[in-house]
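Engineer: Okay, here's what each chain looks like letter by letter:
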Amino acid sequence: MRNYLKALSLLTTVVLTIGGVAHAAEIPGSSLAALTDVQKYERAIHIMAMLLVGFGFLMVFVKKYGRSTLTATYLLVSVSLPLYFLKESYFGIENSAGIIDTLILAEFAAASLLICAGAVLGRLKMHQYLLLGLMFVPFYALNEWIVLNCGLGLITGKVVDTGGSIVIHAFGAIFGLGVAASMTTHQEYETAIECDETSDRYSLLGSMVLWIFWPSFCSALVAPADVPKTAINVILALCGSTLATYFASVKLRGKISAADIANATLAGGVAIGSTCALAVPGTSFAIGILAGLVSTFGFAVIQEKLTDLTKKVDTCGVFYLHGLPGLLGGIAALVVVSGIDFAAQLTAILVTIIIAASAGLISGKVIAVLGSRSVPYVDNEEFEGESTD
Amino acid sequence: MRNYLKALSLLTTVVLTIGGVAHAAEIPGSSLAALTDVQKYERAIHIMAMLLVGFGFLMVFVKKYGRSTLTATYLLVSVSLPLYFLKESYFGIENSAGIIDTLILAEFAAASLLICAGAVLGRLKMHQYLLLGLMFVPFYALNEWIVLNCGLGLITGKVVDTGGSIVIHAFGAIFGLGVAASMTTHQEYETAIECDETSDRYSLLGSMVLWIFWPSFCSALVAPADVPKTAINVILALCGSTLATYFASVKLRGKISAADIANATLAGGVAIGSTCALAVPGTSFAIGILAGLVSTFGFAVIQEKLTDLTKKVDTCGVFYLHGLPGLLGGIAALVVVSGIDFAAQLTAILVTIIIAASAGLISGKVIAVLGSRSVPYVDNEEFEGESTD
Amino acid sequence: MRNYLKALSLLTTVVLTIGGVAHAAEIPGSSLAALTDVQKYERAIHIMAMLLVGFGFLMVFVKKYGRSTLTATYLLVSVSLPLYFLKESYFGIENSAGIIDTLILAEFAAASLLICAGAVLGRLKMHQYLLLGLMFVPFYALNEWIVLNCGLGLITGKVVDTGGSIVIHAFGAIFGLGVAASMTTHQEYETAIECDETSDRYSLLGSMVLWIFWPSFCSALVAPADVPKTAINVILALCGSTLATYFASVKLRGKISAADIANATLAGGVAIGSTCALAVPGTSFAIGILAGLVSTFGFAVIQEKLTDLTKKVDTCGVFYLHGLPGLLGGIAALVVVSGIDFAAQLTAILVTIIIAASAGLISGKVIAVLGSRSVPYVDNEEFEGESTD
Numbered sequence: 001m002r003n004y005l006k007a008l009s010l011l012t013t014v015v016l017t018i019g020g021v022a023h024a025a026e027i028p029g030s031s032l033a034a035l036t037d038v039q040k041y042e043r044a045i046h047i048m049a050m051l052l053v054g055f056g057f058l059m060v061f062v063k064k065y066g067r068s069t070l071t072a073t074y075l076l077v078s079v080s081l082p083l084y085f086l087k088e089s090y091f092g093i094e095n096s097a098g099i100i101d102t103l104i105l106a107e108f109a110a111a112s113l114l115i116c117a118g119a120v121l122g123r124l125k126m127h128q129y130l131l132l133g134l135m136f137v138p139f140y141a142l143n144e145w146i147v148l149n150c151g152l153g154l155i156t157g158k159v160v161d162t163g164g165s166i167v168i169h170a171f172g173a174i175f176g177l178g179v180a181a182s183m184t185t186h187q188e189y190e191t192a193i194e195c196d197e198t199s200d201r202y203s204l205l206g207s208m209v210l211w212i213f214w215p216s217f218c219s220a221l222v223a224p225a226d227v228p229k230t231a232i233n234v235i236l237a238l239c240g241s242t243l244a245t246y247f248a249s250v251k252l253r254g255k256i257s258a259a260d261i262a263n264a265t266l267a268g269g270v271a272i273g274s275t276c277a278l279a280v281p282g283t284s285f286a287i288g289i290l291a292g293l294v295s296t297f298g299f300a301v302i303q304e305k306l307t308d309l310t311k312k313v314d315t316c317g318v319f320y321l322h323g324l325p326g327l328l329g330g331i332a333a334l335v336v337v338s339g340i341d342f343a344a345q346l347t348a349i350l351v352t353i354i355i356a357a358s359a360g361l362i363s364g365k366v367i368a369v370l371g372s373r374s375v376p377y378v379d380n381e382e383f384e385g386e387s388t389d
Numbered sequence: 001m002r003n004y005l006k007a008l009s010l011l012t013t014v015v016l017t018i019g020g021v022a023h024a025a026e027i028p029g030s031s032l033a034a035l036t037d038v039q040k041y042e043r044a045i046h047i048m049a050m051l052l053v054g055f056g057f058l059m060v061f062v063k064k065y066g067r068s069t070l071t072a073t074y075l076l077v078s079v080s081l082p083l084y085f086l087k088e089s090y091f092g093i094e095n096s097a098g099i100i101d102t103l104i105l106a107e108f109a110a111a112s113l114l115i116c117a118g119a120v121l122g123r124l125k126m127h128q129y130l131l132l133g134l135m136f137v138p139f140y141a142l143n144e145w146i147v148l149n150c151g152l153g154l155i156t157g158k159v160v161d162t163g164g165s166i167v168i169h170a171f172g173a174i175f176g177l178g179v180a181a182s183m184t185t186h187q188e189y190e191t192a193i194e195c196d197e198t199s200d201r202y203s204l205l206g207s208m209v210l211w212i213f214w215p216s217f218c219s220a221l222v223a224p225a226d227v228p229k230t231a232i233n234v235i236l237a238l239c240g241s242t243l244a245t246y247f248a249s250v251k252l253r254g255k256i257s258a259a260d261i262a263n264a265t266l267a268g269g270v271a272i273g274s275t276c277a278l279a280v281p282g283t284s285f286a287i288g289i290l291a292g293l294v295s296t297f298g299f300a301v302i303q304e305k306l307t308d309l310t311k312k313v314d315t316c317g318v319f320y321l322h323g324l325p326g327l328l329g330g331i332a333a334l335v336v337v338s339g340i341d342f343a344a345q346l347t348a349i350l351v352t353i354i355i356a357a358s359a360g361l362i363s364g365k366v367i368a369v370l371g372s373r374s375v376p377y378v379d380n381e382e383f384e385g386e387s388t389d
Numbered sequence: 001m002r003n004y005l006k007a008l009s010l011l012t013t014v015v016l017t018i019g020g021v022a023h024a025a026e027i028p029g030s031s032l033a034a035l036t037d038v039q040k041y042e043r044a045i046h047i048m049a050m051l052l053v054g055f056g057f058l059m060v061f062v063k064k065y066g067r068s069t070l071t072a073t074y075l076l077v078s079v080s081l082p083l084y085f086l087k088e089s090y091f092g093i094e095n096s097a098g099i100i101d102t103l104i105l106a107e108f109a110a111a112s113l114l115i116c117a118g119a120v121l122g123r124l125k126m127h128q129y130l131l132l133g134l135m136f137v138p139f140y141a142l143n144e145w146i147v148l149n150c151g152l153g154l155i156t157g158k159v160v161d162t163g164g165s166i167v168i169h170a171f172g173a174i175f176g177l178g179v180a181a182s183m184t185t186h187q188e189y190e191t192a193i194e195c196d197e198t199s200d201r202y203s204l205l206g207s208m209v210l211w212i213f214w215p216s217f218c219s220a221l222v223a224p225a226d227v228p229k230t231a232i233n234v235i236l237a238l239c240g241s242t243l244a245t246y247f248a249s250v251k252l253r254g255k256i257s258a259a260d261i262a263n264a265t266l267a268g269g270v271a272i273g274s275t276c277a278l279a280v281p282g283t284s285f286a287i288g289i290l291a292g293l294v295s296t297f298g299f300a301v302i303q304e305k306l307t308d309l310t311k312k313v314d315t316c317g318v319f320y321l322h323g324l325p326g327l328l329g330g331i332a333a334l335v336v337v338s339g340i341d342f343a344a345q346l347t348a349i350l351v352t353i354i355i356a357a358s359a360g361l362i363s364g365k366v367i368a369v370l371g372s373r374s375v376p377y378v379d380n381e382e383f384e385g386e387s388t389d
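Residue numbers (our numbering), protein chains in the order written: chain D, 1 to 389; chain F, 1 to 389; chain E, 1 to 389.
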């Protein structure tokens, strides 16, 4: 009987302890699982801000092309999200992830597509951007499946790429270079894309929106308990690349370039993508500094030489913001993450480069069938009213 | 005794299972109920971004009127939120909803007011916007009470309008048309409001902010478990209207209109409002496409004809962005939602039209007492310094 | 046996009641504690939006200095966040708060630094902003430690300053005035900083972003159950200051000043900082109105007289937006909060003023060693390309 009383008192304790919780559980549709999904939803909205205002305004610097850039951003997002959902509904049956995970994966695909489009910005008409989206998403999904879900059995180990340095940033940038390589005409190469001198502040707005929400991009799919640590790693990497960009820009150019500040500041976010959930704060800061240096060096030194050498134009310099820092991030994981599967990680990088480059070259040829131009487009070819940007 | 041991082991299992939860419950003020409210708060902040940056910048296109538009946005929000709270504290006693629900409902009222103000933008002085707010909120609250809370016993069934296609969008647009109708002078009709040619990018910024946070607007008050589904429906509807707007704009005008892209892209969000928590993804996408077509057709074809016919001016074309797609959304529910109460839904639409139109006409007459103008206002009539927009 | 059955049925009830919760607890890393931290993370991201887009764009009004302002904002944030983290890792051992709390406290330091920098905007080169950051953070942390954590034993009672009217706003503003006082040369005083006439809309964008996310700033560290109440108090205070600013601006100047609207509208947020978690809605609205009046009076009347009197320039008028309303907020707590410790609160205000002023004066002298200028800087001294802002 005394034992029985003990059991009862223990039970009472349990009941009292969970009192608040049990009460709360009566709210219809409220549970830890549901609230966890809503928190993912919050991060999904942050990513949406990056896709539209972030990427869109960062790219508003081509002369007389502001309306086109923002409209293209709208169209690329609107074609890629439903397309990825469609793919999921056909092939995603075994995927037990909730629909909010699918939304975030679809946004990742849209981000990679926007990076890709940055390489040929100003060279396509609106319907060609749509075609680019239609061709990009299947290849992106193929690479994602091979690298992260062991598709085709090419990679059997675990690839470390939480925030997508490899599968989002490097893939998008290299795909874009492929498209540019097969589309750039000789005349195009000679007709430089002019910058709009009044748009620095717009570009910096886009840059800041990307910086602000980058932690949500990288922590979008991590478990709640790991979100704070991941976010702080990303923020420290961004602080590192911002400081490094300022010093490198002054050092390499003599004066600061506003384009460096708008772009290379973000290289830390790109490079920390692979290891954001696993690195320690100090390492994250160091990766950010390194990425800022590499990216600024790319914009200030490599870009001109490579453009001259290859006679190919990468309008937004996506190779220097997303390509190099993305590869850097994927390789940094080999050093930073203890017990990493070297073979899997390196194969992932190699497969990504091969699929992105070849798919980009093919897509460029297909898109060129719908027209190719020697001089950059301006707004008033496709838009009503005079171009004032 | 064996039974007793079994009971004890079961109890131990329970204690261990809820271990993490019980520990967490010790955090002061942390409970599922509290966290659910904080998540609503997050969505309330998203809506605030829509009210100020979204609506404010979308409307920054009237020539030499940028400062006035943004200041009017500030004032309309600042007068309507406290007013709605005041109403709640007098009439909301029986309302068991928490204060965070009241905040969201107040924001809905502010959104509807901003839609209404869009119809007469550029025709009012600042104190007239304030008066408009003071007159609008009581009528809005009356209609909301009748349609959603069975006020006066006019509607006894359940009206399907989660995201406010009817009570927010259609109500605001029709109220605004009423104000415009009773205020527009003959001279005003003949003095077209000129667009500021440099403000496309500002309008697109406002448009994108509305697009980004629209899922939070529609899912603001739904249960946590339904948020992901609702959000994805809204996003698919917006993708649909964005793609449809591009095609319709090119088809109907020959070239793309940046104003169509800034406005009609959002029609999917307006139209999915009623059924966002109940539709399936495919249907949401279709409703979005239809809304984009209807809205672009409104801007490109109906607007000019109706303005000529009625000699009345709707500055921002709110009838084509919020009026028509709002009514479309309310009616779409009749087809999409199984077991819907036809009588209740149709009565709700009818009541909304009648209250909004008559209250708008009355308010216009009252506001006109404080002054009415034949030519549009410009910034420097009310603001220091030269107008540079 | 009957008792035993009762116990078993009670146990079953418990198991069923916590069914959903127990199921949810199986999600790895999901617990009330983890979700509570993720919600703090969400508010931390909101604050980041305030730091970069909010403060950055609010200050984009100095002629030909847009790129510099936004780059300085980037650098100030990127130097202060890691520095505060570094401090925590050395001195924060006894601090049991999670890393997400540290991130929010670091953001508070960055906000205070940006306020401070506003006082000398346009007078420093980029490396001087960095030096300002390096000098500011230690003094800020010292004051925070004395006022909020009983450092040195100067204050033993509880200081009411949830949203930082005293330790963030007043501290930053007074520190900035100190720097300006020891750096302003006679020629500088005579060379007024010219406003860029096209930047009203940018300033209003920054202002609106600050307005939107201010509730998250003030409720960043409060318990989940208190977030809704705190947020609504902040929103009502902002509504109050926005309405008051409009009326005061018209009354005091004859016409509305766009700078008043961009700045003084926010004074309600500054002043409600101390009491945001404790005041009732009506009081919050009243504090907001009072703050709007005081701030607008500062900008419209005091600023010119004080500048003439002291021959010192406060570029952004931070004393009128953050200084006066911050002190007002700290003092308002004496009236609003029942049972407040008068001695502690008043000592906190006094200590903050003394540390901020003396540290500011010292820092100004040190920064002046690296160069001091008689005329304001413009973008193209440090940036590539022609200044177009």
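If you are wondering where the hints come from, they were derived from the structure by calculation, not from laboratory data. Some clues are possibly wrong.
From the derived model, a few chain E residues whose C-beta atoms are all more than 12 Å from chain D [to be verified]:
1) P82
2) L83
3) L130
4) G151
5) I193
6) V301
7) A343
8) I353
9) L361
Here are the simulated DSS-like cross-link-like pairs (lysine-lysine), alpha carbons at most 25 Å apart as the crow flies [stated by the list, open to error]:
10) K305(E) - K125(F)
11) K64(F) - K64(D)
12) K305(E) - K63(E)
13) K64(F) - K251(F)
Where is the CB? At the ideal position from N, CA and C, for every residue including glycine.
Engineer: Could you tell me which of the numbered hints above are not met by this structure, giving the numbers in increasing order?
Structural biologist: Hints 1, 2, 3, 10, 13 are the ones this structure does not satisfy, whereas the remaining hints hold.
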